[in-house]
Amino acid sequence: MTPETLETLAGWVGLVLTLLVFSYLLGDNVLYRLAVYLFVGVSAGYAVVVAVEGILLPWLRGTLLASGASGGQIVMGLVPLLIGLLLLLKAYPPLARVGNLGMAFLIGIGTAVALVGTISGTLLPLIGATGAALAGDLVNGLIIILGTITSLLYFQYMVVRRPDGEAVQPWPLRLAGTLGQIFLIVTFASLYAGAILSSLTIFGERVAFLLARLTG
Amino acid sequence: MRRLLAVLTSSLVIGLGLVTLWGLFPGSPVASITAALLQMVVVIGAVAVLIGVLNLLGVHLRRIVKGDSGWPYSVVVLLAAVAVILLVVVDRMGLGGESDLGGFLFNAVQVSVESALAALLVFFLVYAAARLLRRRLAWGSLLFTVVLLVVLVGWLQIPALGAFNGLSEWIRAVPASAGARGLLIGVALGATTAGVRVLLGQDPSYRE
Chain A
0 MTPETLETLA GWVGLVLTLL VFSYLLGDNV LYRLAVYLFV GVSAGYAVVV AVEGILLPWL
60 RGTLLASGAS GGQIVMGLVP LLIGLLLLLK AYPPLARVGN LGMAFLIGIG TAVALVGTIS
120 GTLLPLIGAT GAALAGDLVN GLIIILGTIT SLLYFQYMVV RRPDGEAVQP WPLRLAGTLG
180 QIFLIVTFAS LYAGAILSSL TIFGERVAFL LARLTG
Chain B
0 MRRLLAVLTS SLVIGLGLVT LWGLFPGSPV ASITAALLQM VVVIGAVAVL IGVLNLLGVH
60 LRRIVKGDSG WPYSVVVLLA AVAVILLVVV DRMGLGGESD LGGFLFNAVQ VSVESALAAL
120 LVFFLVYAAA RLLRRRLAWG SLLFTVVLLV VLVGWLQIPA LGAFNGLSEW IRAVPASAGA
180 RGLLIGVALG ATTAGVRVLL GQDPSYRE
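Taken in order, these protein sequences are the chains called A and B.
The numbering of the first sequence is numbering that gives the first Met the number 0, which starts it at 0 and goes up by one.
The numbering of the second sequence is numbering that gives the first Met the number 0, which starts it at 0 and goes up by one.
These are calculated hints, taken from the structure and not from any lab test.
From the three backbone atoms N, C-alpha and C, an ideal C-beta is built for every residue, glycine too.
A couple of the hints might just be wrong.
[To be verified] Partner residues are not named here, just some residues of chain B that face chain A (Cβ under 7 Å, in silico):
1. Ile43
2. Val46
3. Ile84
4. Gly194
[Claimed, not checked] Reference listing, derived: stretches of chain B covered by chain A, where coverage requires no fewer than 3 residues with Cβ under 8 Å from a Cβ of chain A:
5. 115-123
6. 176-185
Could you build all of it, start to finish, from the sequences and the hints given here?
Set out below in structure tokens:
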């Protein structure tokens with residue numbers, strides 16, 4: 000099959016699948032489910048291909064299957080595969096705790112990477128950017144700092160106990176929380192508008208694709 | 000035995016976590032060990048993906064064998080997954096000629112269904128926003144709707160609206176950005192706290 004034929008075929012398959020998914024607008028139906036299950040199957044197949052082609056085969060070629068592989072290379076190649084296979088035990092309840100040893104590798108190393116990534120990639124840059132907002136327009140900068148702090152305080156549930164035993168939130172915290180709530184509502188509304196516009200753009204692209212296919 | 004395994008699991012998490020953390024600092028003497036550990040985790044992750052897909056296919060196979068309701072859909076899942084793997088194998092063996100069968104499947108199925116599903120979202124988002132107004136009117140939902148409309152109309156950049164367009168831009172750049180920063184900093188603080196708890200052995204969830 001030539002690449003051109005495949006491209007044409009892909010276009011028609013895409014047209015049919017798009018129509019099947021759009022049929023959901025008439026309610027949940029067999030056609031929509033067919034498209035979604037097909038998508039799940041193809042995604043699962045792709046996940047296998049990417050995992051094997053992109054990660055496992057290069058790893059095996061560099062360790063176990065390398066010409067004249069040393070003992071260290073063989074051990075290095077086997078260890079992650081054995082740990083990975085330990086994860087299979089998680090599905091067998093009597094040995095599930097042994098499977099946790101495999102999970103320990105993922106959790107321990109993953110946590111450390113996430114910790115460094117969160118602090119150096121999110122926390123510090125965001126705090127720096129919030130502080131730097133004052134360097135531009137002073138009023139806007141102050142609003143950004145106020146919004147950032149009060150949004151954080153909105154999720155603060157600290158209370159003080161009155162002499163009569165009732166737990167109440169101190170008024171400054173209540174006020175900051177209400178302000179934070181306003182900022183959060185504005186943020187969510189803005190993000191919601193962004194989501195509507197993005198999906199509208201994709202919808203327009205899909206409709207244009209359908210029309211182009213059908214009208215040739 | 001259970002206690003020993005729990006201690007061993009916690010020790011592994013804490014030990015590997017601390018070594019990795021140390022190795023990620025610039026100029027660390029254990030940087031090479033951390034690099035090897037990261038490579039190993041990627042391989043373990045790939046094996047985990049394979050196990051996950053096998054589990055998915057196993058679940059669908061059981062549904063077919065038992066004849067559960069909706070089993071024909073499971074046939075579609077199984078056939079699609081096997082077809083993708085076979086087509087890529089055929090492709091890599093050079094039996095597919097010049098054509099890129101993997102790319103064909105990606106364009107024909109993945110891209111089409113993903114973008115069609117994303118396109119469907121517009122209807123549900125608009126419907127949900129309309130339903131918000133039909134519920135009891137509170138100041139929060141009113142503010143949400145007003146901001147939503149201002150941002151949507153502002154995005155159109157209608158020249159006749161003049162300063163209104165600027166208001167939409169200001170909302171996105173100042174108060175919305177402030178709230179988003181608050182949320183992101185909150186998420187980062189939460190993730191940091193959770194990470195520290197795991198590395199201190201205070202989070203027992205992974206030992207269960």
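### Task
Any hints from earlier that this structure breaks? Give me their numbers in increasing order, please.
The structure breaks none of the hints.
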